[in-house]
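Enquirer: Sequence order for the protein chains is C and W. Residue 98 is where the first sequence ends in my numbering, and the numbering goes up by one at each step. Residue 512 is where the second sequence ends in my numbering, and the numbering goes up by one at each step.
Some hints could be false.
Claimed, not checked - Partner residues are not named here, just some residues of chain W that face chain C (Cβ under 10 Å, in silico):
#1 85
#2 260
#3 333
#4 454
In case anyone wonders, no lab produced these hints; they're calculated from the structure. Backbone N, C-alpha and C define an ideal beta-carbon position, used for all residues, glycine too.
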Amino acid sequence: MAIDPARVDHVARLARLSLTGEERAMFTEQLRNILDYFARLQELDLTAVEPTSHVLAAANVQRGDAARPSLDRAEVLAAAPAQEDGFFKVPPVLEPA
Amino acid sequence: MDPALLPVSELLPRLRRRELSPSELLAAYLTRITAHDGTLRAYLHVDAEAARTEARRWDERYARGDDLPPLAGIPIAVKDIICTRGVVTTCGSRILEGWRPPYDATAMVRLRHAGAILLGKTNMDEFAMGSSTENSAFGPTRNPWDVERVPGGSSGGSAAAVAAGLAPWALGTDTGGSIRQPASLCGIVGLKPTYGRVSRYGLIAYGSSLDQIGPMTRTVEDAALLLQALAGWDPLDSTTADLPVPDYTEALSGGVRGLRLGIAREGMGEGLQPGVRAAVQQAAAVLEGLGAHLEEVTLPAIDYALPTYYLVATAEASSNLARYDGVRHGLRVEVPDIVEMFSRTRDAGFGPEVKRRIMLGTYALSAGFYEAFYLKAQRARTLVRRDFERAFERVDLVLLPTSPTVAFRLGERVADPLQMYLADIFTIPVNLAGLPGISVPCGFADGLPVGLQLVGRAFDEPTVLRAASAYERATDWHRRRPPLDGARVS
Chain C
2 MAIDPARVDH VARLARLSLT GEERAMFTEQ LRNILDYFAR LQELDLTAVE PTSHVLAAAN
62 VQRGDAARPS LDRAEVLAAA PAQEDGFFKV PPVLEPA
Chain W
23 MDPALLPVSE LLPRLRRREL SPSELLAAYL TRITAHDGTL RAYLHVDAEA ARTEARRWDE
83 RYARGDDLPP LAGIPIAVKD IICTRGVVTT CGSRILEGWR PPYDATAMVR LRHAGAILLG
143 KTNMDEFAMG SSTENSAFGP TRNPWDVERV PGGSSGGSAA AVAAGLAPWA LGTDTGGSIR
203 QPASLCGIVG LKPTYGRVSR YGLIAYGSSL DQIGPMTRTV EDAALLLQAL AGWDPLDSTT
263 ADLPVPDYTE ALSGGVRGLR LGIAREGMGE GLQPGVRAAV QQAAAVLEGL GAHLEEVTLP
323 AIDYALPTYY LVATAEASSN LARYDGVRHG LRVEVPDIVE MFSRTRDAGF GPEVKRRIML
383 GTYALSAGFY EAFYLKAQRA RTLVRRDFER AFERVDLVLL PTSPTVAFRL GERVADPLQM
443 YLADIFTIPV NLAGLPGISV PCGFADGLPV GLQLVGRAFD EPTVLRAASA YERATDWHRR
503 RPPLDGARVS
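So that you can see chain C by itself, here it is in the shape it has in the complex:
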């Protein structure tokens, strides 16, 4: 379970963060300290305890299947870094054939 620079790089890749060398060193040390402290949870025998994912007695909530006005497309796209023909524009995700 040790935190080393390789593990930090792996987690950063999963989180879509490209860390600098300095950040990698800092996070390796800080995450190690934090997780050492968090290891106190391992003292607890929790096998018979139900996990809490939500504090309220949750039930499925459904609304009537009726059309309602949406956000204005132009207003939403105006906040995007790039747009074209009413869509968000991103770098190509497929190689041209």
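Starting from the known structure of chain C, arrange chain W on it as the hints suggest.
Expert: Frame of chain C; chain W shown alone:
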């Protein structure tokens, strides 16, 4: 007296009697913002022109003697994590710099219907991750009681604005103490409602099973007034409770005679600053003198609350913050490869604490560690809830200090994330259990404000407010003002 220093409960009758107009009131805050906010930096953005236009509209309606909504013409400062249509909302982050949301949060919609005027957006720790407001990408806010100290966080801008008279009241949000801890450190009232009492629609998500919007005010009566405007079921947030909303102002009277109060033993143990302990003990004695029955309760799982919270909250955050990828809003670092665009954008846009928490949460959810960390934390969360359930079999409210210390110095805890996390040790269990908690001013230690925290049963804000109001009427801590006009940054 400067109207900017009065609670809203005293402003409303003056507006109705036309001794004061909404425009005059707004001008009083704008004057103080000009004088003090260069030093304090409570606001990220002040919408003076839009506020003046709205104030003039309310001037006319008061002058005509119209039937007016409950908060007509009262300005409010709003934490920059709450979406305001067409008004810049950054969440304290470079990644959202300049973003103008295309919609209002439900809390904003309700405030506008109640007649409130948006005065400005307040500074905060980036994405509400922090306890000092030093994690804002736009620089820290300073504590009006001592400008060399932090205001607490993450709603530090809202707390400083209210304490300094730069707004009559403010909205904050609280995931692990972010309303109550800064309220305590700045000497004001802060109420975190029960999870599900106030809609989170349009609240930029951090830890979705923990986040709540709530009032930050000068008095308990104002907290009741503001909660009244905010509370209630919302079809746009499926986690809001479909329960009737009580009359919170009516709940304020009645006192504490016969009420059973439990002092949490763990709240008075080691690590507590002596002046904080003394102030909280004295506050408990005041409540006993007013007729409350005091006893000791115990919350043993509090020892595990901090790791539990940081695993649950960061896991939720790592998922919630995946949406900041340079596609739909905010910052984009232009590079030809899309995956590299995501990660370069996120590396440039997020500050160190946000990255740290995304990393922690991603680790806790990753293959091989899920059961040891995330699932274990969810089970430990059940223990924290059970502690409160057991306490509430015997008492009506649980008493704790809000923060183990008074405001600390800027920079003091920046290099040590764990020390910073400990600032929230007494507020975090309340979020894990989803309960309502209030911080009220209860004295001073080393010349800095101390807060008393009262925690109630789920949806029992009326009892929380009643006890807090009885305490406030018996003391005058909430009337103290920071020595602002002599304050200087050295």
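Enquirer: Let me know if the C-beta of residue 333 of chain W comes in closer than 10 Å to any C-beta of chain C, holds or violated.
Expert: Since the shortest Cβ distance to chain C is 7 Å, the answer is holds.
Enquirer: Is the hint on residue 85 of chain W kept, meaning its closest Cβ partner in chain C is under 10 Å away?
Expert: Since the shortest Cβ distance to chain C is 35 Å, the answer is violated.
Enquirer: Restraint: residue 454 of chain W near chain C, CB-CB cut 10 Å. Satisfied or not?
Expert: Interface hint status for residue 454 of chain W: holds (8 Å vs cutoff 10 Å).
Enquirer: Residue 260 of chain W was flagged as interface toward chain C. Is the shortest Cβ-Cβ separation under 10 Å?
Expert: Check passed: Cβ of residue 260 of chain W comes within 4 Å of chain C, closer than 10 Å.
The structure is inconsistent with hint 1 alone, although it conforms to all the rest.
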